[in-house]
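Based on the sequences and whatever the hints tell you, model everything.
Spelled out, the chains give:
2 protein chains.
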Amino acid sequence: MRILPAQEFDLRREVEYGSPEQNEAVKQIVSDIKKEGDTALLRYTERFDGMKLKAAELRVTQEELKAAYEKVEPSFVEAIAAAAANIRAFHQKEKRNSWMDLQPDGSILGQIIRPLKRVGVYVPGGKAAYPSSVLMNVIPAQVAGVPEIVMVTPPATGGKAGIDPYILVAAAEAGVSEIYRVGGAQAIAALAYGTDTIEPVDKICGPGNIFVALAKREVYGAVDIDSIAGPSEIAVLADDSANAAYVAADLLSQAEHDEMASAILVTTSADFAKACAAEVQRQLAELPRREIAAASIDSYGVILVVDSIQEGIQVINRLAPEHLELMIEEPMAYLGLVENAGAIFLGPYSSEPVGDYFAGPNHIIPTNGTARFSSPVDVDDFIKKSSMIYYSKQALLENGETIMELARREGLEGHARAIEIRLQQEAKADRKAGE
Amino acid sequence: MRILPAQEFDLRREVEYGSPEQNEAVKQIVSDIKKEGDTALLRYTERFDGMKLKAAELRVTQEELKAAYEKVEPSFVEAIAAAAANIRAFHQKEKRNSWMDLQPDGSILGQIIRPLKRVGVYVPGGKAAYPSSVLMNVIPAQVAGVPEIVMVTPPATGGKAGIDPYILVAAAEAGVSEIYRVGGAQAIAALAYGTDTIEPVDKICGPGNIFVALAKREVYGAVDIDSIAGPSEIAVLADDSANAAYVAADLLSQAEHDEMASAILVTTSADFAKACAAEVQRQLAELPRREIAAASIDSYGVILVVDSIQEGIQVINRLAPEHLELMIEEPMAYLGLVENAGAIFLGPYSSEPVGDYFAGPNHIIPTNGTARFSSPVDVDDFIKKSSMIYYSKQALLENGETIMELARREGLEGHARAIEIRLQQEAKADRKAGE
Chain R
325 MRILPAQEFD
335 LRREVEYGSP
345 EQNEAVKQIV
355 SDIKKEGDTA
365 LLRYTERFDG
375 MKLKAAELRV
385 TQEELKAAYE
395 KVEPSFVEAI
405 AAAAANIRAF
415 HQKEKRNSWM
425 DLQPDGSILG
435 QIIRPLKRVG
445 VYVPGGKAAY
455 PSSVLMNVIP
465 AQVAGVPEIV
475 MVTPPATGGK
485 AGIDPYILVA
495 AAEAGVSEIY
505 RVGGAQAIAA
515 LAYGTDTIEP
525 VDKICGPGNI
535 FVALAKREVY
545 GAVDIDSIAG
555 PSEIAVLADD
565 SANAAYVAAD
575 LLSQAEHDEM
585 ASAILVTTSA
595 DFAKACAAEV
605 QRQLAELPRR
615 EIAAASIDSY
625 GVILVVDSIQ
635 EGIQVINRLA
645 PEHLELMIEE
655 PMAYLGLVEN
665 AGAIFLGPYS
675 SEPVGDYFAG
685 PNHIIPTNGT
695 ARFSSPVDVD
705 DFIKKSSMIY
715 YSKQALLENG
725 ETIMELARRE
735 GLEGHARAIE
745 IRLQQEAKAD
755 RKAGE
Chain A
325 MRILPAQEFD
335 LRREVEYGSP
345 EQNEAVKQIV
355 SDIKKEGDTA
365 LLRYTERFDG
375 MKLKAAELRV
385 TQEELKAAYE
395 KVEPSFVEAI
405 AAAAANIRAF
415 HQKEKRNSWM
425 DLQPDGSILG
435 QIIRPLKRVG
445 VYVPGGKAAY
455 PSSVLMNVIP
465 AQVAGVPEIV
475 MVTPPATGGK
485 AGIDPYILVA
495 AAEAGVSEIY
505 RVGGAQAIAA
515 LAYGTDTIEP
525 VDKICGPGNI
535 FVALAKREVY
545 GAVDIDSIAG
555 PSEIAVLADD
565 SANAAYVAAD
575 LLSQAEHDEM
585 ASAILVTTSA
595 DFAKACAAEV
605 QRQLAELPRR
615 EIAAASIDSY
625 GVILVVDSIQ
635 EGIQVINRLA
645 PEHLELMIEE
655 PMAYLGLVEN
665 AGAIFLGPYS
675 SEPVGDYFAG
685 PNHIIPTNGT
695 ARFSSPVDVD
705 DFIKKSSMIY
715 YSKQALLENG
725 ETIMELARRE
735 GLEGHARAIE
745 IRLQQEAKAD
755 RKAGE
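One line per chain: the protein sequences are R and A, in this order. Position in the first sequence (first residue = 1) + 324 = my numbering. Position in the second sequence (first residue = 1) + 324 = my numbering.
The set of hints was computed from the structure by calculation and includes no laboratory data. Any given hint might turn out to be false.
Treat identical chains as interchangeable: a pair holds within one or across any two.
What the hints assert, rightly or not - Calculated pairs, SDA-like style, for lysine to any residue (alpha carbon to alpha carbon, straight line, at most 20 angstroms): (1) LYS441 / PRO471; (2) LYS419 / ARG438; (3) LYS417 / ASP704; (4) LYS390 / PRO655; (5) LYS417 / ARG438; (6) LYS417 / PRO471; (7) LYS358 / PRO489; (8) LYS359 / TYR624; (9) LYS717 / GLU654; (10) LYS441 / GLN634; (11) LYS351 / TYR341; (12) LYS376 / GLN416; (13) LYS441 / GLU472; (14) LYS752 / ASN567.
In structure tokens:
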């Protein structure tokens, strides 16, 4: 692992947005689904997934869900249920109520907070089908109160027919209400515009390959979408008090994700830097995914040596990493200085996988420096707000002239007259009542 | 105004995304600013705004701000200050605290909520320069605690040199910290990437022409952006108890915005429909902006007659209008049934301009059906969240095996080992301590 002095090191990586050919292909698929519905959906499922299905076979049945529970180990069901309970408990605390502000003049202002009505969750096939990601996408929506949560996932993976039973069990534990065996851009288009079989949704989330990502961008506006995640990142800020073996293991747990993943150590100690680099080498040699992890470490792994914890935090704030571990003697003393980090892990026992799988906070977290302005997925991603204005007669009579002045200043006489006609008619009615 | 039975009437309008030439032009401008900074910024300002400026002249001075107060009527300053106070009070109630959840095993989980550090607000030149929009964009950021709020606006409007003094006063009352006289795509690029004169921001908001909108899309990812607003909309749900003159005035106040604006009346009464259509004609004839309003009413205005309030609400939920007025006898009895509407105005005195200018809730509200899944601008648009995980040793020892099982199920052995190495070393340390 390279050891560098911390200077103008910058993490930003170019994110792929697809070739013109891929864009064209996706536009065609989306337009076909919009026009032909199920017919196009079944045609593309046969072409891309090699499965000839009827419309009535698209939806996964209760029997299949039950069968999935028979196929997985009971210990897995227990583990996923325990994780789901923690994630649910944490997200429950994010919930907010609609509120009102009752004013002395009788007016009531407020904000109405409601769940979205129907949400679609994409789950990729193959090796990227992570039960933990099903929980992290579905549970916030469910806690927000979304009544209909629809999962879509490719019908067959790498020649094997059928959906991974671990995914089905995770979906059931998380509280998915419908599952359809469709994948790719065609699944995204079906969720956005609806077909005879699949009702359209209000928002689509979940990770996918480049075709899925392009399709989400294509349908945005008709529905909401989540943000498109870049490669995963960890930054560890460590001092002499840290355990080099723990830090190295955490760096590698990030590096094993994919070759674009990034693992960065920022440390106040040159000795610790060397010890940790050696530990990374030692542990890397024994890792099953060592080729991926080694490529990630070579390209995006780095150890930055700084003069002080404060300087280290400045480096962190510039990186704005997805995950940050504070492996320093008194992490709470520095938490207030961290401005930009998606998830912050404090102390020696808060290894990143604790958060990836189990503790409760969401593991879908802004990447590539966007923690500067965006946030981990939470209940807020599945609600919508409406403003409420109940203006009293007294408030209108008192403030009408001011409102008219502001409207006329903007050249919007029609706005002023909507107020003026009320002031005139109410004054007339009051005079009449007074006679 | 057309009177139709409410059936499958749908409001969706095609939103313009710019021609390929406009897209190319914007890409070039953004790339030039990114490379050349101030040099390109001054060059484009000369080309598009006809103003030859030096870098040192870009920032609006305190003296200019003071001079602006001399140029506007004192009653305007009072009106804008009163509106700002109301908007500030309402948005203050949206604020949330960071929170922690302390668990019996000693772990602490939480969500840290912080303001963005630096926000840019675009204010268009010409007739679209609305002081009220300055308040609505700036105050939520300021209430969120954003320490640096930067406004940009074209240096000259329609041949007239200088920035509109009403805009400058609104900016000062709202709490803008820096103002630069730059506009167009070049201003957006300068905010996103920074120049020697303008520090880069974390988020850009505010309305603008097609070049501004395209530039915002182009820089998205480097910074956050707000959503791009479509034409304005109002839907009024009225029964026999409503005042036709009030309803007509409110419909027209929306229609006068622009020819693409939409004003829709949904009513249970055929008689009221006719009375209101007549009132619209009568009031329209006397409106200064009657040509714009008439074009809007002709293209997008409609009166839909329904059998019941419940059916009317169903129509509203399908429209998902930006603004909704409930001009019915007991509006609160139906508020709970309204699922999709950006801002809801209840009763005869809650004319839409009350909310556009004065009451307190934001007037930047989702358009074109997106109230199904998005929300008016509020304090949440200017904060970011970080998850916090402080896991205790006890929690790790108790849950480590479960976490490892979930990681191994996903084929991520490195994740499992980050936990395993801790379980092993802590057990060893505990044994040693017990000896």
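Tested hints:
no., hint, verdict
1, LYS441 / PRO471, "within (6 angstroms within a copy, 36 angstroms between copies)"
2, LYS419 / ARG438, "both (10 angstroms within a copy, 18 angstroms between copies)"
3, LYS417 / ASP704, "both (11 angstroms within a copy, 17 angstroms between copies)"
4, LYS390 / PRO655, "neither (46 angstroms within a copy, 47 angstroms between copies)"
5, LYS417 / ARG438, "both (16 angstroms within a copy, 18 angstroms between copies)"
6, LYS417 / PRO471, "within (19 angstroms within a copy, 28 angstroms between copies)"
7, LYS358 / PRO489, "neither (31 angstroms within a copy, 49 angstroms between copies)"
8, LYS359 / TYR624, "neither (44 angstroms within a copy, 25 angstroms between copies)"
9, LYS717 / GLU654, "between (58 angstroms within a copy, 16 angstroms between copies)"
10, LYS441 / GLN634, "between (46 angstroms within a copy, 18 angstroms between copies)"
11, LYS351 / TYR341, "both (14 angstroms within a copy, 16 angstroms between copies)"
12, LYS376 / GLN416, "neither (41 angstroms within a copy, 56 angstroms between copies)"
13, LYS441 / GLU472, "within (6 angstroms within a copy, 37 angstroms between copies)"
14, LYS752 / ASN567, "between (81 angstroms within a copy, 14 angstroms between copies)"
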